[in-house]
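Adding 10 to a residue's 1-based position in the sequence shown gives its number in the numbering used here.
None of these hints come from the bench; they were simulated from the model. Remember, it's a predicted structure, so these values are computed and weren't measured experimentally. Incorrect hints may appear among the rest.
[What the hints assert, rightly or not] Derived DSS-like pairs (lysine-lysine); straight-line CA-CA distance at most 25 Å:
#1 K106 - K72
#2 K140 - K129
#3 K900 - K41
#4 K695 - K667
#5 K751 - K706
#6 K72 - K170
#7 K900 - K295
#8 K41 - K170
#9 K751 - K47
#10 K900 - K288
#11 K795 - K836
#12 K405 - K395
#13 K754 - K795
#14 K818 - K328
#15 K494 - K467
#16 K395 - K529
#17 K289 - K302
#18 K836 - K818
#19 K220 - K818
#20 K769 - K695
#21 K165 - K216
#22 K320 - K818
#23 K47 - K165
#24 K302 - K315
#25 K568 - K467
#26 K862 - K706
#27 K72 - K216
#28 K836 - K751
[Stated by the list, open to error] Ranges of calculated distance between the beta carbons of each label pair, as one might list FRET restraints:
#29 N291 - Q128: 41 to 49 Å
#30 S660 - R901: 41 to 49 Å
#31 L307 - P346: 42 to 50 Å
#32 N612 - K754: 49 to 57 Å
#33 Q532 - N612: 18 to 26 Å
#34 N399 - N511: 51 to 59 Å
#35 D755 - E869: 45 to 53 Å
#36 Q145 - D447: 50 to 58 Å
By construction, the Cβ of each residue, glycine as well, lies at the ideal position given by its N, Cα and C atoms.
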Amino acid sequence: MPKVSLKDITIIELLIAINRRFSDIPALQIKEGINFKSISYIDLGYRTADTAYNLKMLGVEKGDRVAVFSESRPEWSIAFFGIISCAGIVVPMDIKLSNSEIEFILNDSEAKSIFVSQKLLETILKIKPKLSYLQNIICLDDVSYEEVLLLKNFKVPANKIPHRDIKPEDIALIVYTSGTTGIAKGVQLTYKNLLFEVMSLNELIKFNSKDAFLSILPLNHMLEVTGGLLGPLYVGATITYCESLKPTNILSLMKETNTTVMITVPLVLKMFHNSIIKKINDLPKFKKNFAKGMLRLSEFLLKFKIRIGKLLFSSIHKQFGGNLRCFVSGGAPLDPVVESDFNALGFRILQGYGLTETSPVITVNNFSECKYGSVGKPLPDIEVKILTNSETGDKEGEIITRGPHVMSGYYRNPEKTAEVLRDGWFYTGDIGYFDDDGFLYISGRSKNLIVLGAGKKVFPEEVEEVMSASIYIKEICVLGRISKVGIRKGCEEVYAIVVPNPDSFSKEERENGDLIKSKISQEISRLGENLSGYKRIIDFEIWSEELPKTSTRKIKRKVLLDMMSQKEQKPQEEEYIENIAIKEDELTSVIREIISGITNLNPNKISLQSNLYNDLGVDSLMKVEILTALDQELGITIPENFAYEVNTFSDLVRFTKEYKSGRSGDEIEGREKIDFLIKGNTGTKFSHTAAYFAFKWLFSVYFRKQISGLENLPGKGSFIIAANHSSMLDFPLILTSVPFKNMKDIFIPAAQDYFYVNKYRKTIVEFLFNTFPFERIGDFVKGLKICEELIRQGNSVILFPEGTRSIKGDMHTFKPGLGSLAYNLKVPIVPTYIKGAHEALGKGCILPLPRKIEICFGEIIYPDKLNLDNINTNYEKYTYISNLVFERVKRLSI
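Could you build all of it, start to finish, from the sequences and the hints given here?
As structure tokens, this is what we get:
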């Protein structure tokens, strides 16, 4: 491998040169609403100087610790660069830490100041009396608290840019890792560590100024700091921050930003992989077999370094934006099947290996040297050795490493430092081996550390100590079990073996294993509230005998792990209490089926009392997938911030019902709400009539509009016009195509996030048309409730069941809300196709072009006359109707 030349410089000097070189190019951006808020390289330099100067004025001296507690966003990076520019030490913090963990880190690091986002501000204010050293709270957002400073107010006077003497050996960050007994260790990383990693990764992976990075990992994750922040900025690339881990949101941003590189963890890739494979399996038999055949052909040709996956599966690549060069994966082992399938599909996954203590990367695959299943070759200028047993001749052993990537030690913890740093070598505690070509393979860990699929690390001793507080638990052993089912298949999960304390149970309970199981489950759930979400026990089993121990009374973890690995995993099916008799409704059944599909649990074993974490094995990413499924399959979007309040199946059902019924806060409901919206329309019958005839004439002249199928419109009564949606012109085009007698009673849902964001747009759209606000982003079902009430009052509505305008003019699946509305109200649907509107005024265009436009009204579909007897659930009926309308509209396009 080529050697990396390290000049005697720091990240700060590098940043100054980069800001000057790339000046006006966007460095950092995030999507807010429908627009992107971006910061150029030169602005990043100015904001960094502003922050550094004000920190200095607040008394931050060289070596003082300053914490950053926020979601990943441009302001996080501004705070980071501002801190190191005034020679402070950054203490990045995980936003999912418990209050006690936050308190420990801030007191142990003696952080004098903290940058915090508005979402997390209340947490800091609540525990501030317990923080001995904290003097300044700086909010990244605009808030009004007397004791809180605002980042936006930080300005530097002319010629007052601070300068501090910073050396490569100085500490830049202290990153706290999980502790074995609640005492986390602070990993001290130097400027030299960071710069080495940045230059090495860029040398191997060849980042460039044309790259567009999508940042989805938290910035307290060192791989994201070096590979997803400093690396891209080093070459002048643009970084986009994604606030959501929903696959749909990630893919949407990848398309919008033409993402070329994404730093990720295996569980995110697993989610993408599951979605792709599901779509392939859902194809008709011939197409499915053909796709799988092409996948295997591509996989075979890769053995000869012939890559045809991108050509064969171009439609899948388009879903990822079409420009992706590679995923860089780290933090946990990658499922070999996921890696193999992605490569066969034509995607490049560059898997690496490292730890926080090694800044973090030790080895990584690259474009020219890559082997599936391996974690690559060591970075240039570092040494990696395997401590093998010479007597057995086994090539496996503990991985140790030394070089410019290794930390300087644990903060104020010489004992723990001495355990892992010996004669300059860092002892990783991981077991691995090199093949004959110098590629490293990880086979296991000698430590007890549990590494989850998302890269999070859990020390079992910490969880055991928390659970030991229960009087019902006599013994507990927490282990990392390799999941064999569900989305976590191939990844470790937190698993426990529990020996109950019989003295704490009643006679009745001791004689009933289910009651004991239930009580232990409640205790694990109750005490788990004291742990970060990812540290909570996913599943457990009951032992009636003492756990096996060594002569020194230490639990034989390996014996228990070996026993678990031989067991067939039937995801908790036989271990759950039978459902309590409850009044079941259809929506609850649908939600149960969604969870069953994601977790592979028998739906009959999911009760309202089931805890999503402990009983159903749902982790944070699976919870996001459940919310995504509710959006995709029910058309119900629960905001992600509510996901943190959902802990049981009952919670999920309750929140879903609330959003389905359209209830929110103190809003006016039912007919009063509808009347309020209609009466609030600023237009008049005269203005609507004038607009109708004016647009009708304009469209016939300018677009040479043609209309067919008018005979298919109902002569009387309410109806729904369901059309494709690719242009802002769509609803006036449809409205001016119907006879005037129908127009007066037709209402149009107008996007609330676009037409109702200010009074001018609202006034214009309501003056011209019969419109009402419709939430396409968020509470989609509430909009349908308004449509339902309008239809009950004898009106008709125009719907665009795709949910939003098509960017490229192609049609997307119709949401089941259309079927629900039509089926429940027995109202006819008129399938309608608009041809040419996208070419005239597509998304992103400002002025319409004179293109020929056709409006085609298809034959009416009467939901109450369809034969739906063989379809079991209402939800399936809704989906069937929506799909039928979709096919009819699509047929009109031919």
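Next item on the list: Take the C-alpha atoms of K862 and K706, compute the straight-line distance between them, and say whether it is at most 25 Å.
Entry: holds (14 Å)
Notebook entry, point to check: Falls inside 45 to 53 Å, the C-beta gap from D755 to E869?
Noted result: violated (22 Å)
Next item on the list: Could you grab the alpha-carbon distance between K836 and K818 and see if it respects the 25 Å cut-off?
Entry: It is violated: about 33 Å lies between the C-alpha atoms, which goes past 25 Å.
Next item on the list: Take a look at whether the Cβ-Cβ distance between L307 and P346 falls inside 42 to 50 Å.
Entry: Roughly 19 Å apart at Cβ, these two residues miss the hinted range, so it is violated.
Margin query: Tell me if the beta carbons of S660 and R901 are separated by a distance inside 41 to 49 Å.
Written below: Holds: the Cβ-Cβ distance is about 44 Å, inside 41 to 49 Å.
Notebook entry, point to check: Can the restraint linking K106 and K72 be considered satisfied, given a maximum Cα separation of 25 Å?
Noted result: Violated, because 29 Å separates the two Cα atoms, which is more than 25 Å.
Item checked: Satisfaction of hint between K170 and K41, Cα-Cα up to 25 Å -> It is violated: about 33 Å lies between the C-alpha atoms, which goes past 25 Å.
Item checked: Distance restraint hint 51 to 59 Å, applied to the beta-carbon atoms of N399 and N511 -> violated (41 Å)
Next item on the list: Could you grab the alpha-carbon distance between K47 and K165 and see if it respects the 25 Å cut-off?
Entry: holds (20 Å)
Notebook entry, point to check: Taking only the CA atoms, is the gap from K395 to K529 under or equal to 25 Å?
Noted result: violated (48 Å)
Next item on the list: Could you say whether the range 49 to 57 Å given as a hint is met by the Cβ separation of N612 and K754?
Entry: Given range 49 to 57 Å: holds, Cβ gap about 54 Å.
Margin query: What's the verdict on K494 and K467, does the C-alpha distance respect the 25 Å limit or exceed it?
Written below: holds (20 Å)
Of the hints listed earlier, those the structure fails to meet are numbers 1, 3, 4, 8, 9, 16, 18, 21, 27, 31, 34, 35, in rising order.
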